[in-house]
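Here the structure of chain A is known, so what remains is to put chain B in place on it, guided by the hints.
Number of protein chains: 2
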Amino acid sequence: MCGWIAGLWSPGRVRLNCVKIALAQINPTVGDFAGNTQKILEFAARAGEQGCAVVVFPELVVCGYPPADLLEKREFVEQAAAAVREIAAWTLGAGRPAVLCGTVMPVDAPVGKQVRNVAVLLAGGKVSFVQQKMLLPFYDVFDEQRYFEPASRQMLTVVDGQPLAITICEDAWNDKAFWPRQMYAVDPVEELMRQWGTQPVELAGKQRIILNISASPFWLGKPEVREKMLAALAERHGAYVAMVNQVGGNDSLVFDGSSLVVQPDGKVVARGAAFAEDLVVFDTEAKDVAAVGAAEDEVALIWKALVMGTRDYVWKCGFKKALVGLSGGIDSALVAAIAVEALGSENVLGVGMPSEYSSLGSIEDARKLAKNLGIRFELLPIHDVFAQYQGVLKPLFEGTPFGLTEENLQSRIRGVLLMAISNKFGSLVLTTGNKSEMSTGYCTLYGDMVGALAVIGDVMKLKVYALSRYANREREVIPHATIEKAPSAELRPGQRDTDSLPPYEVLDPILEAYVERYWSAERISEEQGVDVALVRQVLQLVERSEYKRQQAAPVLKVTQKSFGMGRRFPIAVKVQV
Amino acid sequence: MCGWIAGLWSPGRVRLNCVKIALAQINPTVGDFAGNTQKILEFAARAGEQGCAVVVFPELVVCGYPPADLLEKREFVEQAAAAVREIAAWTLGAGRPAVLCGTVMPVDAPVGKQVRNVAVLLAGGKVSFVQQKMLLPFYDVFDEQRYFEPASRQMLTVVDGQPLAITICEDAWNDKAFWPRQMYAVDPVEELMRQWGTQPVELAGKQRIILNISASPFWLGKPEVREKMLAALAERHGAYVAMVNQVGGNDSLVFDGSSLVVQPDGKVVARGAAFAEDLVVFDTEAKDVAAVGAAEDEVALIWKALVMGTRDYVWKCGFKKALVGLSGGIDSALVAAIAVEALGSENVLGVGMPSEYSSLGSIEDARKLAKNLGIRFELLPIHDVFAQYQGVLKPLFEGTPFGLTEENLQSRIRGVLLMAISNKFGSLVLTTGNKSEMSTGYCTLYGDMVGALAVIGDVMKLKVYALSRYANREREVIPHATIEKAPSAELRPGQRDTDSLPPYEVLDPILEAYVERYWSAERISEEQGVDVALVRQVLQLVERSEYKRQQAAPVLKVTQKSFGMGRRFPIAVKVQV
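These protein sequences, in sequence, are chains A and B.
Counted the way our numbering counts, the first sequence spans residues -2 to 574.
Counted the way our numbering counts, the second sequence spans residues -2 to 574.
Simulated from the structure, these hints should not be mistaken for laboratory data.
Note that the Cβ used here is the ideal one computed from N, Cα and C, for glycine as well.
Any given hint could be a false lead.
[Said to hold, decoys possible] So the derived label-pair ranges between C-beta atoms look like this:
| id | chain 1 | residue 1 | chain 2 | residue 2 | range |
| --- | --- | --- | --- | --- | --- |
| 1 | B | A86 | A | P103 | 52 to 62 Å |
| 2 | B | G109 | A | P103 | 22 to 32 Å |
| 3 | A | T195 | B | E221 | 37 to 47 Å |
| 4 | A | E274 | B | R541 | 23 to 33 Å |
[Said to hold, decoys possible] Simulated crosslink set (EDC-like; lysine to aspartate or glutamate; CA at most 20 Å straight-line):
| id | chain 1 | residue 1 | chain 2 | residue 2 |
| --- | --- | --- | --- | --- |
| 5 | A | K70 | B | E72 |
| 6 | A | K571 | B | E72 |
| 7 | A | K70 | B | D172 |
| 8 | B | K571 | A | E543 |
| 9 | B | K558 | A | D66 |
| 10 | A | K558 | B | D66 |
| 11 | A | K110 | B | D172 |
| 12 | B | K110 | A | E375 |
| 13 | B | K173 | A | D105 |
| 14 | B | K558 | A | E502 |
| 15 | B | K70 | A | E524 |
| 16 | A | K391 | B | E75 |
| 17 | A | K545 | B | E543 |
| 18 | B | K70 | A | E72 |
| 19 | A | K110 | B | E146 |
| 20 | B | K571 | A | E72 |
| 21 | A | K173 | B | E146 |
| 22 | A | K173 | B | D105 |
| 23 | A | K558 | B | E72 |
| 24 | B | K421 | A | E395 |
| 25 | B | K70 | A | E540 |
| 26 | A | K70 | B | E146 |
| 27 | A | K110 | B | D137 |
| 28 | A | K545 | B | D66 |
| 29 | A | K110 | B | E502 |
| 30 | B | K70 | A | D66 |
| 31 | A | K70 | B | E540 |
| 32 | B | K391 | A | E72 |
| 33 | A | K70 | B | E513 |
| 34 | A | K571 | B | D66 |
| 35 | B | K317 | A | E543 |
| 36 | A | K571 | B | E375 |
| 37 | B | K545 | A | E543 |
| 38 | B | K173 | A | E146 |
| 39 | B | K571 | A | E83 |
| 40 | B | K391 | A | E524 |
Isolated chain A, as found in the complex:
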């Protein structure tokens, strides 16, 4: 039931219809039209049971986001059209809500790109409205101008006498009052709000509602930005802003969901779960339509992102099991702990592969970790294989000193063993390298870099410690000894990370500034109080190891700038740092 509420955007009080809308934040699989359609219909039915007039799904939900070059296949676009027909047919049933969802559609024009990114409103068995995305992000991990023809204009639509301003993700991200620098010359929301005022008076006076269907991947700080930006938008336009976001991991990207409803005074009145599917129902009359959860701590958010990213990658690749090489060090311990939460302890295998340079403590720490996690542990010593390789290479290597080659060799033997187990038993190897290592190249290509997914490849070493303490928040999972000992690759006697690298307290801020924010050596030196020659040495390590990163496993992205598709650097270059 609805009645009178204050129209904050207008000077007086106006009569409003109640609008009850559901935001269905679901976890689609790219290309799985049957599975995605089934999930859409399930959530739509639930929204119908709760009396919603409209149920709103994320951007490109029909095919899953990001579909990448699958969009260039005609059959893919046809399969999406068939799925949309199926969903539209469903809406014919009595008492069923209209479905607003994202999909791909062909373009008829003889010029430009051949498909468009659209929101389709499905009601009464057919497509009753199509809004085409106007602002196509093309930075970091986004390539949308590669695929889509942008809309030339935006239109309001009306459902049951209520106008709706429908926008797709980036279309709501160009508010000139919010951003110091606008990325695009036009603002689709502004255009829609202008249209609002020019409607017939019985429509223009209705509560303004901006719907935003998104596939907005997580990175640290992003949920806060989204919330502030949508609040600013709500206030500026005196509108309800309801944003539904995809949830789930797709390769490197983890979508956090965290759908939001902001009322016209900028207050958040409903919030979807973070890193889980959810159905958020709100109406424009009720004051407290949903519980509003507290924002979570940064480390907890990263943890959840990595768990969901790992689980979805393994499952969507069609696997159930994973294995991790356990060195007794903190990186592999953390990855194993994440894997156990993602996949269950019965699905994770830990493999210790000591060489003659491994300390007894390390083996014990690995074994203890496995015990704490309740996972199976196997010990495969590599001494003999290592010796055999050295024998084979002796005719070539005779007289050369033990060095990086021999260190890499041990790491690669481990990679080969992990891959053999993976091949034999059909489980995925999880890579254990952290972002500090991947940045500096302090890792072995085809060695410790082996694996299907680089779980913590976007987590700097200091954050690895923070996450490990988080893993131990209830009980000791990662052995204290593992957390407390000095980091070492244990590839030669008495080796320490600090033999080759500055301490992580110095290193990580340099790397963050360079890798994530593109600061110059001079600026880093000045702002961080570190000798510029040392800074330059570190930056040269970053530049020289690009070739390794281009052959790395996909990295779960949790920062604004992670390795992978969002960071595209050439290899054969001469770059001055």
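Relative to the frame of chain A, chain B by itself:
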């Protein structure tokens, strides 16, 4: 000396100044501002000695193409500006030509991208004209909309009383009379030609000249398309069209140069070398300003592209030497032959790594190849290392049959050995997998996929045979036995490629249709007369091996659609073929 020539674009004869222009197709290194500037000044001096008024360099030549995300670094853009100042200062010297070259410049506007892709005309010590690129390709390997703000309009410029229409690469690629489908709504060339007519009469009557500075990478068929397209442009606008193209390898991309001058009747009157630096001088009066070479055979072009791509990758990475695992098979033999032409026989090492499944013939073939190529050959048998691994894995593998795991294991042992030699002696491993293998996943991740560069990763198996015959065009380099025997990975007794795959005569056309042209299973089956179930099996192999390709070495691109940055598919998907 100049005089009267027929203005083909105009009804009568008009007085024209002679315009003598040099096209300097050079090989820059990305980020090497000092080296690139030096090379620009050398070629400019040579053009000056030949009496040229203007010397034209390729797109983004100052920084090298493609700079990718280096463009997002402020220092990179500043270094480009400094290089441009240095080149401009050079033009102050007496008798020196004006320099037209491509570079990156900042954008001042408060909205949009922060840099632009420009052609700068440097004369009299300063930047006398700037043309900004308007059409920014964003497909296949091109990401230009990620970086650049497009021009909103184009302007003619005048040098010594001669108007010039300056365009940048893609700006000349949108002629609606030539392309069945236009990619962009505007045509910068059309706009410039419209302006031509509205100039003061003493300018409007001059010979029309369209300059195009390009960084247009090679793939099969591309040089022919460029030539036809530019000829159509010349005829349509009654203009000389002079296109200068970058030459050289930059990571995956190989630029063929092949600069062109087309006169207003569409006839090519000058042509730069293919796959080599060149200075092409033409004037609008002389009839035969340069020798016009005959178009080369497809296989010869691929050969040259792979040789240049390999050489530049190794050299620009700062290396001189390479090594190749020689199995006695045709793929590794071809890669070794290419490496020898690229780097010299003294810089290539061949390594034979027989297992118990390698035939004696294969070892002999490998040895003979090395002898024919004049390269050093080392034999490192892997039996014992293989046995040792099997021993270590026995507790886990006990009772399981010999299979794919053991095959991959042998391949990975070889990868580890090659990387050890690479690490020890500072030489790059060249990967030997062909495109048929990379397409179907008939290759071992971290095994035969190991290496810095996938030399023939864009060459289907049947083309590997053609290239091998080309390598033998003068004498037997690749042993006949290698070319004639049935292809085998030799990872189990009596293994043949055809145990797992259809014959390459059937396989390769299926793969080309699917990987390069995105045909459906039905269409392939129909057009190629192959059972649709078999086609589907092949396509499923392609889909299931995407994870391998994402960790592959950079592939030298020689077809319209190669693996790597130009083909972006997700891994964790459910795709129906």
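How the hints compare with the structure:
{"no.": "1", "hint": "B:A86 - A:P103: 52 to 62 Å", "verdict": "53 Å, holds"}
{"no.": "2", "hint": "B:G109 - A:P103: 22 to 32 Å", "verdict": "28 Å, holds"}
{"no.": "3", "hint": "A:T195 - B:E221: 37 to 47 Å", "verdict": "54 Å, violated"}
{"no.": "4", "hint": "A:E274 - B:R541: 23 to 33 Å", "verdict": "27 Å, holds"}
{"no.": "5", "hint": "A:K70 - B:E72", "verdict": "40 Å, violated"}
{"no.": "6", "hint": "A:K571 - B:E72", "verdict": "14 Å, holds"}
{"no.": "7", "hint": "A:K70 - B:D172", "verdict": "25 Å, violated"}
{"no.": "8", "hint": "B:K571 - A:E543", "verdict": "31 Å, violated"}
{"no.": "9", "hint": "B:K558 - A:D66", "verdict": "12 Å, holds"}
{"no.": "10", "hint": "A:K558 - B:D66", "verdict": "12 Å, holds"}
{"no.": "11", "hint": "A:K110 - B:D172", "verdict": "16 Å, holds"}
{"no.": "12", "hint": "B:K110 - A:E375", "verdict": "53 Å, violated"}
{"no.": "13", "hint": "B:K173 - A:D105", "verdict": "17 Å, holds"}
{"no.": "14", "hint": "B:K558 - A:E502", "verdict": "45 Å, violated"}
{"no.": "15", "hint": "B:K70 - A:E524", "verdict": "18 Å, holds"}
{"no.": "16", "hint": "A:K391 - B:E75", "verdict": "50 Å, violated"}
{"no.": "17", "hint": "A:K545 - B:E543", "verdict": "19 Å, holds"}
{"no.": "18", "hint": "B:K70 - A:E72", "verdict": "40 Å, violated"}
{"no.": "19", "hint": "A:K110 - B:E146", "verdict": "19 Å, holds"}
{"no.": "20", "hint": "B:K571 - A:E72", "verdict": "14 Å, holds"}
{"no.": "21", "hint": "A:K173 - B:E146", "verdict": "18 Å, holds"}
{"no.": "22", "hint": "A:K173 - B:D105", "verdict": "17 Å, holds"}
{"no.": "23", "hint": "A:K558 - B:E72", "verdict": "19 Å, holds"}
{"no.": "24", "hint": "B:K421 - A:E395", "verdict": "11 Å, holds"}
{"no.": "25", "hint": "B:K70 - A:E540", "verdict": "13 Å, holds"}
{"no.": "26", "hint": "A:K70 - B:E146", "verdict": "29 Å, violated"}
{"no.": "27", "hint": "A:K110 - B:D137", "verdict": "13 Å, holds"}
{"no.": "28", "hint": "A:K545 - B:D66", "verdict": "17 Å, holds"}
{"no.": "29", "hint": "A:K110 - B:E502", "verdict": "34 Å, violated"}
{"no.": "30", "hint": "B:K70 - A:D66", "verdict": "28 Å, violated"}
{"no.": "31", "hint": "A:K70 - B:E540", "verdict": "13 Å, holds"}
{"no.": "32", "hint": "B:K391 - A:E72", "verdict": "47 Å, violated"}
{"no.": "33", "hint": "A:K70 - B:E513", "verdict": "11 Å, holds"}
{"no.": "34", "hint": "A:K571 - B:D66", "verdict": "14 Å, holds"}
{"no.": "35", "hint": "B:K317 - A:E543", "verdict": "19 Å, holds"}
{"no.": "36", "hint": "A:K571 - B:E375", "verdict": "33 Å, violated"}
{"no.": "37", "hint": "B:K545 - A:E543", "verdict": "19 Å, holds"}
{"no.": "38", "hint": "B:K173 - A:E146", "verdict": "18 Å, holds"}
{"no.": "39", "hint": "B:K571 - A:E83", "verdict": "19 Å, holds"}
{"no.": "40", "hint": "B:K391 - A:E524", "verdict": "55 Å, violated"}
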